[in-house]
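Protein chains in written order, with the numbering used here: chain A, 693 to 997; chain B, 711 to 840.
Calculated from the structure, these hints are not laboratory results.
Mixed in with the good hints, there may be bad ones.
Incomplete in silico selection of chain B near chain A, CB under 8 Å [claimed, not checked]:
#1 Ile-747
#2 Ala-774
#3 Arg-782
#4 Asp-786
Backbone N, C-alpha and C fix where the C-beta goes; we use that ideal spot for every residue, glycine too.
Chain by chain, the residues run as shown.
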Amino acid sequence: MNDHDSAYTELVDADTHDQWAFGTSFDDPLAGVDTTLADGIDGADLAMYCLMLADDALISAQRLAQWCTNAPELEEEVALANIGLDLLGQARLLLARGAAADPTIVPTLPDGSPVPAEDALAFFRDEPFFRCVRLVELANGDFAHSIARLLVFSTYRLAGLERLRESRDPVLAAVAGKGVKELTYHRDYAARWFVTLANGTGESRRRIERAIASIWPFVDELFVPNPVEQRLVAVGAAVDSSTLRSEFDSVVEQVLGASGLPLPTERAAALVAGKSGRDGIHTEALSYLLAEMQSVARAHPCGKW
Amino acid sequence: MIHFDTDPGDGLGAVPAADTTIDSVDTATACDGAAPITPEWPLYEVFVRGKRGLNHVHVGSLHAADSRMALRHARDVYTRRNEGISVWVVRSVDIVASSPAEKDPFFAPSGDKVYRHPTFYAIPDNVPHM
Chain A
693 MNDHDSAYTE LVDADTHDQW AFGTSFDDPL AGVDTTLADG IDGADLAMYC LMLADDALIS
753 AQRLAQWCTN APELEEEVAL ANIGLDLLGQ ARLLLARGAA ADPTIVPTLP DGSPVPAEDA
813 LAFFRDEPFF RCVRLVELAN GDFAHSIARL LVFSTYRLAG LERLRESRDP VLAAVAGKGV
873 KELTYHRDYA ARWFVTLANG TGESRRRIER AIASIWPFVD ELFVPNPVEQ RLVAVGAAVD
933 SSTLRSEFDS VVEQVLGASG LPLPTERAAA LVAGKSGRDG IHTEALSYLL AEMQSVARAH
993 PCGKW
Chain B
711 MIHFDTDPGD GLGAVPAADT TIDSVDTATA CDGAAPITPE WPLYEVFVRG KRGLNHVHVG
771 SLHAADSRMA LRHARDVYTR RNEGISVWVV RSVDIVASSP AEKDPFFAPS GDKVYRHPTF
831 YAIPDNVPHM
């Protein structure tokens with residue numbers, strides 16, 4: 693009996709277990725990427741840059757995770773958790789790259805500790821060594837506050853990662869390639885919710901107006917040029933944040949236009965002796981966040997997970 | 711008239727307070743300016759097509775305010791494990807289903823008609839493709 697007898701055997705592949713419900717063909721976007729440092733790129737600078745990008749993602753992920761069990765709808769809860777997990781994945785890859793570029797940044801742990809370098813950087817680093825912008829560490833407010841913050845952050849990060857795909861460091865380019873696909877969805881999600889809240893009821897409009905006004909003082913800090921970044925831009929490894937402002941402005945103006953809201957006029961938040969998040973100067977909100985995030989790992993520095 | 715609690719303790723404000731009175735229950739979306747606002751999002755059924763499949767398969771249901779949001783929710787909830795490459799969402803009220811009471815008249819008569827199945831017939835050897 694040959695296969696032509698049944699029209700159905702080609703459709704039903706009974707030998708494999710690749711039922712659609714369990715997902716098929718997982719692949720690692722960073723498989724096969726050359727991890728050696730390209731020449732001309734200083735390891736210490738690259739590590740600092742990786743920390744900047746990674747800490748933005750790590751702290752954002754922690755704030756998004758705080759919506760678990762609190763989100764307004766079940767589907768929003770899964771959506772926010774997914775966004776947080778995407779960012780956590782980017783943070784992990786970037787922290788690992790930073791540790792590979794300059795192992796001296798990794799906090800020292802007791803002998804025999806099985807903690808990998810990226811975990812040590814996430815859970816055993818003190819606050820002055822975090823390089824995230826102050827936008828991501830602000831405490832969560834209501835849902836509108838998180839949506840406004842996610843809109844600003846994902847627009848900024850997407851603009852940066854789109855350009856980072858051409859980095860001379862192959863791992864950064866690969867992480868950027870993966871990140872662009874994730875951030876496209878994050879930005880879309882935030883923009884849709886922004887417009888929905890603005891055009892919904894009087895209550896939701898009041899809240900989204902208040903949210904974007906409270907977020908706005910921390911926007912300018914995202915685009916301040918940074919010496920570490922400038923040095924890496926000169927060797928083609930990084931993206932100059934100040935060049936992202938025009939794309940950011942055009943996207944945010946589109947969203948505000950669709951929402952019928954004016955551009956916020958709040959002044960930028962003050963710097964501390966000319967320094968802010970990228971230099972390790974943070975708001976007190978970060979210290980509470982890190983205390984909660986790091987307490988379990990710090991209690992068991994030799995623990996296996 | 712919808713009344714919202716102006717200072718809800720939960721800090722969310724996305725859902726009206728418990729003592730809301732509604733003019734009429736309608737499944738129209740809240741984003742449509744002319745439609746009345748309801749406290750419940752309508753239900754949607756979600757269908758996902760796997761990479762190796764030809765057809766969309768029903769995977770579950772979810773709530774959303776309108777069909778574009780339903781598509782985003784389906785992407786968030788039903789594609790987490792790399793399940794597929796295409797998603798359909800349909801409002802549950804648009805699905806017309808057979809009822810269990812009609813099971814016998816609907817499905818039993820085909821049970822003994824084996825000649826309707828293509829493998830019932832022997833293909834002659836000199837017919838190459840069938």
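A quick look at each hint next to the structure:
| no. | hint | verdict |
| --- | --- | --- |
| 1 | Ile-747 | 7 Å, holds |
| 2 | Ala-774 | 7 Å, holds |
| 3 | Arg-782 | 7 Å, holds |
| 4 | Asp-786 | 4 Å, holds |
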